[in-house]
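J.: Sequence:
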Amino acid sequence: GMATEAMNSNDGATATRLPSATGVLSLLAAWGMLLHARKCDPGLGRLILSLPFLAANLCLPFLIPSEQVVARACASGQFAWWSNFKIIAFCCNRGPLVGLDLKAFALVLALPVSPLEKKSKRTPASRKPASASPGRSSQLAEFSRKVVAKGAGLAACVFVLKHNALNVSNYVTDFAEALGLYTLLGVLEDGLGAVSANVVGIQVEKSFENFFLSASLAEFWSLRWNQHVAKLLKCVVYEPLVERAWVRGEGKARQRGKPSALRRAVATAATFVASGVMHEVVFFYVAGVMTGGWWTFFSLQGVFVIIESLLRKHSVFAGLQVSRWVKVPFTLGFLLWTGEMHFFRPVRDHGVDKAVVDNLGSLLKL
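Heads up: the sequence shown begins at 4 in the numbering used here, then just goes up one per residue.
Hints should not be assumed to be uniformly reliable.
[As the list claims (entries may be wrong)] The calculated lysine-lysine pairs, modelled on BS3-like cross-linking and capped at a C-alpha distance of 27 Å, are:
no.: 1; residue 1: LYS165; residue 2: LYS357
no.: 2; residue 1: LYS234; residue 2: LYS316
no.: 3; residue 1: LYS237; residue 2: LYS209
no.: 4; residue 1: LYS368; residue 2: LYS165
no.: 5; residue 1: LYS261; residue 2: LYS234
no.: 6; residue 1: LYS316; residue 2: LYS237
no.: 7; residue 1: LYS237; residue 2: LYS42
no.: 8; residue 1: LYS106; residue 2: LYS234
no.: 9; residue 1: LYS237; residue 2: LYS330
no.: 10; residue 1: LYS42; residue 2: LYS234
no.: 11; residue 1: LYS261; residue 2: LYS316
no.: 12; residue 1: LYS330; residue 2: LYS209
no.: 13; residue 1: LYS209; residue 2: LYS234
no.: 14; residue 1: LYS106; residue 2: LYS237
no.: 15; residue 1: LYS357; residue 2: LYS368
no.: 16; residue 1: LYS330; residue 2: LYS316
no.: 17; residue 1: LYS237; residue 2: LYS261
no.: 18; residue 1: LYS106; residue 2: LYS42
no.: 19; residue 1: LYS234; residue 2: LYS330
no.: 20; residue 1: LYS106; residue 2: LYS209
Quick caveat, the hints were computed from the structure, so don't treat them as lab data.
Please build the complete structure, drawing on both the sequences and the hints.
T.: Shown next as structure tokens:
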């Protein structure tokens with residue numbers, strides 16, 4: 004009887020380990036196919052070979068317990084969205100993975116960073132990461148300082164939100180949560196950027212550039228807020244639409260001439276719609292539901308950016324000079340107002356804000 008129980012116990016232990024072993028083997032097989040895809044020409048063949056790795060990335064966030072809401076949110080953003088977008092862009096001969104050696108390819112794919120672009124007129128196929136350059140140590144120091152500062156800012160935001168110190172208005176709370184999101188993403192992306200700059204020697208792009216100085220919606224989204232993600236959306240959605248080519252070839256985009264204003268507007272709208280879809284995917288991993296709120300928020304931002312551009316070019320407003328002291332608070336206030344309606348409300352309604360604050364509070368011992 005004891006022998007039978009032991010055998011049954013061993014069988015049970017083997018059965019519980021089997022999915023993990025199968026998952027590891029499946030991931031290794033997917034990685035092998037992706038490595039083979041690197042040797043293929045850009046296009047459909049490369050994409051087909053990459054599909055198993057894309058599917059594996061979609062499954063990885065589920066390995067993190069739902070109680071660890073911050074870790075699951077970061078994993079869903081990194082693997083289900085950013086890493087997969089890098090692979091899709093790579094299949095189109097675009098994006099940060101093009102032209103990298105294997106070590107850099109694996110690092111950029113695994114971390115929420117993109118190599119620093121060299122300011123030249125070369126095509127993406129010939130672009131190389133700035134490795135072992137004189138600026139490496141200075142970038143490491145810069146990113147390290149940012150991690151410390153944003154880490155302190157994140158702790159302050161969590162403390163204030165956890166103890167309801169700003170329980171005055173939804174807009175005040177929204178502002179504190181927006182700062183918390185900024186510092187959390189900054190710690191994640193700047194911290195891993197510092198690691199990549201130090202360990203592997205790849206200089207990486209800055210993700211944030213003083214977003215609080217944005218004088219327009221276009222400036223906020225295209226130049227200052229989370230540029231790592233903005234550039235992935237650009238090379239996966241915007242560029243193929245304006246260039247009328249899924250796969251980028253040597254010089255083909257330039258030969259087609261300048262895209263029309265209508266085509267650029269359609270590409271801009273599609274880019275924000277895609278951003279909304281992927282934000283809803285991240286929300287699903289965290290809350291287990293899609294509300295449509297985040298999709299609405301980002302889709303409308305695309306419409307607002309287009310309207311803003313049209314107003315700027317209109318004869319009535321073309322010569323109008325408005326001080327940045329006016330435009331900056333108006334821009335940030337508009338973002339906060341639209342964010343309250345469609346971004347922050349679903350977070351409150353599903354308790355995600357409280358779950359994130361409690362999770363971070365326990366991690367930071369606050």
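J.: Where does the structure disagree with the numbered hints, that is, which hint numbers, in rising order?
T.: none
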